[in-house]
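Whole structure, please, built from the sequences with the hints as guidance.
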Amino acid sequence: MSTPVAAGTLSASSPAASRVWARRWRRRVAALAESTPATIGIAIVLAWVVLALLAPLIAPYPPNANDMAALAHTQPSKAHWLGTDHLGRDLLSRILWGARPVLVIAPLAVLGAAALGSLLGLAAGYYGRWIDLTITRACDIVLSFPVIILYMIILAHFGSSAWNIIGVLTLTKAPIIARIVRGMTLDLREREYVAAAKMRGESALYIMLVEILPNARGPLVVDMCLRTGYNVIIIGALGFLGIGLPPPDPDWGGMVKDTYGMMMVWPHMALVPCAAISSLVVGFNLLAVGLRELGLRD
Amino acid sequence: MTDGSLLDVRDLRIAYTTRAGEAVVIPGVSFQLKAGEALGLVGESGCGKSTVALSIVRYLGRAGRITGGSVRFEGRELTTLGEAGLRAIRGRRIAMVYQDPMASLNPVMTVGRQLMEAPMTHEGVSTSAARARALTMLAEVKLADPEAVMDRYPHQLSGGQQQRIVIAMALITGPALLIMDEPTTGLDVTVEAAVLDLVRELRSRHHSAILFISHNLGSIVRVCDRVAVMYRGELVEEGPVRRIFTNPRHPYTRGLLDCLPTLGSDKRQAPLVPIAGQVESALARPQGCGFAGRCGHVETGRCTSRPIPSATVCGEPNHRVVCVRADELPRWTRRRGADVAQEAGGPGEPMVAVQHLTKIYEPRRRRFRGPRRPVRAVSDVDVVAARGRTLAIVGESGCGKSTVAKVLSGLEVATSGKVILDGIEVGALAIDARAAALKRKLQMVFQNPDSTLNPSHTVGYAIGRALRRLRGGAATDAAAGIARLLDVVKLPPAIAARKPRHLSGGEKQRAAIARALAGRRRS
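Each protein sequence line maps, in turn, to chains A and B. For the first sequence, our numbering gives the first residue as 4, with consecutive numbering after it. For the second sequence, our numbering gives the first residue as 1047, with consecutive numbering after it.
Be careful, since some hints might not be right.
What follows is a list of derived Cβ distance ranges for each label pair [what the hints assert, rightly or not]:
| # | chain 1 | residue 1 | chain 2 | residue 2 | range |
| --- | --- | --- | --- | --- | --- |
| 1 | B | R1111 | A | L212 | 42 to 52 Å |
| 2 | B | A1474 | A | L153 | 44 to 54 Å |
| 3 | B | V1459 | A | T137 | 23 to 33 Å |
| 4 | B | R1111 | A | L49 | 29 to 39 Å |
| 5 | A | W166 | B | D1523 | 40 to 50 Å |
| 6 | B | A1130 | A | P149 | 52 to 62 Å |
| 7 | A | T137 | B | T1308 | 53 to 63 Å |
| 8 | A | G186 | B | R1419 | 26 to 36 Å |
| 9 | A | A34 | B | G1552 | 26 to 36 Å |
Here are some of the chain A residues that sit facing chain B, going by a computed Cβ distance under 7 Å [as the list claims (entries may be wrong)]:
| # | residue |
| --- | --- |
| 10 | S163 |
| 11 | R194 |
| 12 | E195 |
| 13 | Y196 |
| 14 | M202 |
| 15 | R203 |
| 16 | E214 |
| 17 | G221 |
If you are wondering where the hints come from, they were derived from the structure by calculation, not from laboratory data. Backbone N, C-alpha and C define an ideal beta-carbon position, used for all residues, glycine too.
Written out as structure tokens, the structure reads:
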């Protein structure tokens, strides 16, 4: 018997399938928009993404240009909406340009940590025994270090660059994700669909990636969203400690470091980048809250 | 209060608010319950029987709402009663027993404290008096050594014992009405029988009325005086147990009775007759009879044009039925399915032969506390199943029947003994060590419909993957193969695009059977 219906819905490339996909995504976004925290979170994060993308077009000045005339009056004014820093650089322009590295490094590092952590967690939870023991202990060791000191050691050794920061964040966050995934794998590997997969002779890798991992994605996505926010803080902290992105390109943490000494006189110089960091972190956290609500409802 | 009834439900309408709008799930249900009487509410899952029961104490959750009708209990109207008034009634005058005892018991409190809680908070009884009452209740639910049970935590008791505790908790305040929602569904058959007998005995002693919800007619017979049959949110037939069983008037009730297996006759002599079609949604309700789409006696026009009134069965004043043709239908006799042709000859050559199978689980060593005893799950079992035959392995939970299946399927390896599958010894072979041809020969259908299909994948993916793995290069057209397998288990091909959460339990299990059949050479 031939069944055009099934044939149409099964092949992934057909227009019907893409319509199903589009509909599913629209439904997900609509569901997310029902949650107030998620809506605010999406708005904040999206606003920063758009501002960062448009920085070359909308920033009123080049980020590193000094306006010596403005040095006499650094407070916010018509010429410099958010004022200038101690070198006469326009704060608004620097904030806009400074959003770019953060919004690239933080999510990339989270993706790296999620990939590495998921693999470790899956292997530990699925195989158990000595593999579990080795992976869990290794993760514990990484987690037992005070993170900031760990960053300082590694970045001092390898030098500071965007890629190195991504690498360090990946390595230090992966154990946390590995723990979450391991815990869920311990439960999911006992499900009957895993037994069914074994009985038709699937490989361990297939079972881990196709049968188990998709069912762990709910908590994983929420955690990734939270962790992106944390990464924004850490990137700021690294900049503040002087081991972030190399100057003179704008970096929110570095901007605070350069100007916090002048807090008593010109508080806006440090407060503006601080506010930028906070708002982005709050945005990611609210988005995570919304995603969690969504997960609980399903 | 009318004619001394304890509970009087009239034209109860219940709707759920969904994203798509308001969905009327119960369009209007009426029934009465006298003090001390037991009424069984029976129907397939999703027919609204739990919704009706929960609405009595207004436990409908945020989405559910009573949109009309009345529920009078001991003369008081419950649909409009305030939260405080409801609290005074819940647990004290109306108690509930749910399907899963573990979900009703607090895992971090001893059984004794949980039992004593209700009398102490509801009636202000002293600790010692509450303790004495708890002990008597434990003795009444026939738990050996009540003193010791008082100090146990729920996880230290078996499922049957837990359900007895829940029943004791429900009865300790002497409620006038006990609502039992599938109280024995999770229990073993032998334990179930004992719990049902206990319920019947306690009912006569405590003079509590019981509203007993079940999809199992057999357990309703054991406990109840009257039965109400529900279909698609409506009560289609109601009457004394004996009358319903000997003279069912509604075609749906007849269908339910035809599905009951009779002991001692095998699948060839008396095959069961399933009700045609599938349970229809309670939402898209037709104009007339809700069962018309599956009914063998339907008359277009009379049955389908307008709502069917409830009528009393001729000569049986307590027997109501909602069917325009009830009086025209012939007397019910148990239908028999068409005889299945007996296969020629005796049993063929053995497909599976288990010889002296023993499986011992070696426990993990405990430091400082000495070795634990190994668990002998299966001990010296011999079983032969001939090709093309069905062999049933029956036993209480924990008797080792699943272990035999696990060794057969290669998910566990035998400790000793032989398992010969189609001439090949596989007892010592774990699944990874078995050849592809062997895997194709042995597939399994699992117990739990909620865990048998991966919730992340569509049904079509699950079956398609099994086809590819088990049939290899022989699978020519995946979509056609999937549709054919779905057709074998009587599922529409469109279901291939759905995820398991959009399927009912029965549909999930059918899809799992289709997946297990993927290795067949011809289908």
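Hint-by-hint comparison with the structure:
1. In this structure the hint that R1111 (chain B) and L212 (chain A) lie 42 to 52 Å apart at CB holds, the actual value being about 44 Å.
2. For A1474 (chain B) and L153 (chain A), the hinted distance range of 44 to 54 Å is satisfied, since their beta carbons lie about 49 Å from each other.
3. Checked against the given bound of 23 to 33 Å, the beta carbons of V1459 (chain B) and T137 (chain A), roughly 25 Å apart, stay inside it.
4. Restraint check, R1111 (chain B) to L49 (chain A): a C-beta distance of roughly 37 Å satisfies the suggested window 29 to 39 Å.
5. A C-beta distance of roughly 48 Å is found between W166 (chain A) and D1523 (chain B), which places it inside the suggested range of 40 to 50 Å.
6. Between A1130 (chain B) and P149 (chain A) the C-beta distance comes to about 54 Å, which sits within the given range of 52 to 62 Å.
7. Our hint of 53 to 63 Å for T137 (chain A) and T1308 (chain B) holds, since their Cβ atoms are close to 58 Å apart.
8. Range check, G186 (chain A) to R1419 (chain B): Cβ separation about 30 Å, and the 26 to 36 Å hint holds.
9. In this structure, A34 (chain A) and G1552 (chain B) meet the distance hint of 26 to 36 Å, their C-beta atoms being roughly 28 Å apart.
10. At its closest, the beta carbon of S163 (chain A) sits 40 Å from a beta carbon of chain B; the interface hint therefore is violated under the 7 Å criterion.
11. At a threshold of 7 Å, the smallest CB-CB gap from R194 (chain A) to chain B is about 5 Å, leaving the interface hint in force.
12. With 7 Å as the threshold, the beta carbon of E195 (chain A) comes within range of chain B, its nearest partner Cβ sitting at about 4 Å, so the hint holds.
13. Below 7 Å, beta-carbon pairs count as interface contacts, and Y196 (chain A) has one with chain B at about 4 Å; its hint therefore holds.
14. With 7 Å as the threshold, the beta carbon of M202 (chain A) comes within range of chain B, its nearest partner Cβ sitting at about 6 Å, so the hint holds.
15. At about 4 Å, the closest approach between the beta carbon of R203 (chain A) and any beta carbon in chain B falls short of 7 Å, and the interface hint on this residue holds.
16. Interface hint status for E214 (chain A): upheld, as the beta-carbon distance to the closest one in chain B is roughly 6 Å, under 7 Å.
17. Taking 7 Å as the C-beta cut-off, the interface hint given for G221 (chain A) is violated, the closest approach to chain B being about 10 Å.
When held up to the earlier numbered hints, the structure conflicts with 10 and 17 and fits the remainder.
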